[in-house]
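Residue numbers (the UniProt record's numbering), protein chains in the order written: chain A, 1 to 149; chain B, 1 to 406.
Hints in this document: simulated from the structure, not taken from any laboratory. Be aware that a few hints might be false.
[To be verified] Here are the simulated DSS-like pairs of lysine-lysine, each with C-alpha atoms no more than 27 Å apart in a straight line:
id: 1; chain 1: A; residue 1: 128; chain 2: B; residue 2: 367
id: 2; chain 1: A; residue 1: 51; chain 2: A; residue 2: 139
id: 3; chain 1: A; residue 1: 128; chain 2: B; residue 2: 385
[Claimed, not checked] Rough simulated footprint, nothing fancy, chain A against chain B, three-plus residues with beta-carbon under 8 Å:
id: 4; stretch: 256–268
id: 5; stretch: 347–353
id: 6; stretch: 361–375
Glycine residues also receive a C-beta, built at the ideal position from the N, C-alpha and C atoms.
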Amino acid sequence: MSSNHPLDQLYRQVIMDHYKNPRNRGVLEGTNVDVNMNNPTCGDRIHLTMKVEDGRVADVKFEGEGCSISMSSASMMTQAIKGKTVEEALRLAHIFSDMIQGKAYDDSVDLGDIEALQGVSKFPARIKCATLAWKALEKGLHGHEHEGR
Amino acid sequence: MKVNEIRALFPILHQNVNGHPLVYFDSAATSQKPLPVIEALDRYYREYNSNVHRGVHTLGTKATDAYEGAREKARRFLNARSMQEIIFTRGTTSALNLVASSYGRAHVNEGDEIVITYMEHHSNLIPWQQLAKQTGATLKYIPLQEDGTIDLNDVEATVTPAVKIVAIAHVSNVLGTINPIREIARIAHERGAIIVVDAAQSAPHMKIDVQELDCDFLAFSGHKMCGPTGIGVLYGKRELLEQMEPIEFGGEMIDFVELYDSTWKELPWKFEGGTPIIAGAIGLGAAIDFLEQVGLDAIAAHEHELAQYALERMADLEGVTVYGPKERAGLVTFNIDGVHPHDVATVLDAEGIAIRAGHHCAQPLMKWLDVTATARASFYLYNTKEEIDRFIAALQKAKEYFSHVF
Chain A
1 MSSNHPLDQL YRQVIMDHYK NPRNRGVLEG TNVDVNMNNP TCGDRIHLTM
51 KVEDGRVADV KFEGEGCSIS MSSASMMTQA IKGKTVEEAL RLAHIFSDMI
101 QGKAYDDSVD LGDIEALQGV SKFPARIKCA TLAWKALEKG LHGHEHEGR
Chain B
1 MKVNEIRALF PILHQNVNGH PLVYFDSAAT SQKPLPVIEA LDRYYREYNS
51 NVHRGVHTLG TKATDAYEGA REKARRFLNA RSMQEIIFTR GTTSALNLVA
101 SSYGRAHVNE GDEIVITYME HHSNLIPWQQ LAKQTGATLK YIPLQEDGTI
151 DLNDVEATVT PAVKIVAIAH VSNVLGTINP IREIARIAHE RGAIIVVDAA
201 QSAPHMKIDV QELDCDFLAF SGHKMCGPTG IGVLYGKREL LEQMEPIEFG
251 GEMIDFVELY DSTWKELPWK FEGGTPIIAG AIGLGAAIDF LEQVGLDAIA
301 AHEHELAQYA LERMADLEGV TVYGPKERAG LVTFNIDGVH PHDVATVLDA
351 EGIAIRAGHH CAQPLMKWLD VTATARASFY LYNTKEEIDR FIAALQKAKE
401 YFSHVF
């Protein structure tokens, strides 16, 4: 298939790489953040476990089932927030939310692989796929914002 | 049946989507609307919009005649004995909830049993789940055969004399299975149970005769059969409906209202509290006329041909799994190895082909199939073999695209 297929802006190489080789896949034992979330309209689900220590995401893993967009987004999310402070992680979630909805977003932060998901904003039916993992992140970190200070 | 003449009556079909002529393969979710239905709604709002059953003015009489005329059309459509057996509801879901809340609460007690199947849509599952919880009754499931059909021996075994209600889909929205309602009704009645039929996926596509099926209740939605959204029908045997209490109270459904007590109108109006769904019913009436003019048997034959053609063509595609029996209604649910159904649907959408992806409001059935989601192409009277050819070509593209990006 030609490289300028209209779907190529959605299914970028880096997205398919995360889908095929998900980072931080699994379940962390004995953690203090454990979130199950699903998208009831389509059946996608994510199980997100995080170890939050001294206001920092010390470790994170995810398990789940879903399409290429939802699972690659989860993989990228875990990669991006590992080692970050809770505040940084939530800020990233905010930037991601703006980006995925096609709004102007704060570009002072290096998004790395996540930027590849920008094309999803042009496919409104798929936005919810991309946001599932980030919603789980926000839910999990809620209440941990001021720890370790 | 001349498909091109039929297609000419559906304005929405004549457009490009993402640069390709639209192929609409999602009629099991909601069907498209033909001009006679669109025009009936337009005429009602332009020429005689009024409330029904009240006032003496001319427009009110016209609106009442059209609303009650639609009830007569629905009666004829189902071959019900009388118009009193036809209740207008918001759709299949609210019709089934009415039966569960009114008949169910009055007749189901602790220790009783309610029987459904693994292939039920959530709308014919959760009302019974709730009824079982509220009454202390037990909810039981008729198992499915490997191919997604029901064996009458399993019905015999599951429907014990403790069963009060058997609720079952006429046609599965996922598998396309056509269930033997008449035989299941006979077994239910022998054991002293009633049978409730979810006809959401059958009424649009095949001739239904409630007297021949001998079902006690039957529900369908207008929007899946060329009618507008927000209108559906609950058919019920008169002797059962007469004993039942309304579940919604207010205007329109009352006879005498006193300070501390009221009495209800007679059937069917006691179940239609509030200003009824006037435009919806008129639109549904126009849809029934339209479908009967084309002929329900001709529609069923056309869809059967399309489904069998799709099955044949899909059997040639490597890595494609199709769910459900060979003999089926006009839909095909499937998965492509290694490609999530959402991704399949997105690739097809880019080709102008609309299909459904997800769990199709049938989560227990997805578990039974051991999948989290599936893709579904569903056909109606306006679809063609040429569209199936485009669909097959797009599936091939999806397979290639994903093997390429991997």
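Quick rundown of the hints versus the structure:
| no. | hint | verdict |
| --- | --- | --- |
| 1 | A:128 <-> B:367 | holds, 23 Å |
| 2 | A:51 <-> A:139 | holds, 14 Å |
| 3 | A:128 <-> B:385 | violated, 33 Å |
| 4 | 256–268 | violated (count 0) |
| 5 | 347–353 | holds (count 3) |
| 6 | 361–375 | holds (count 4) |
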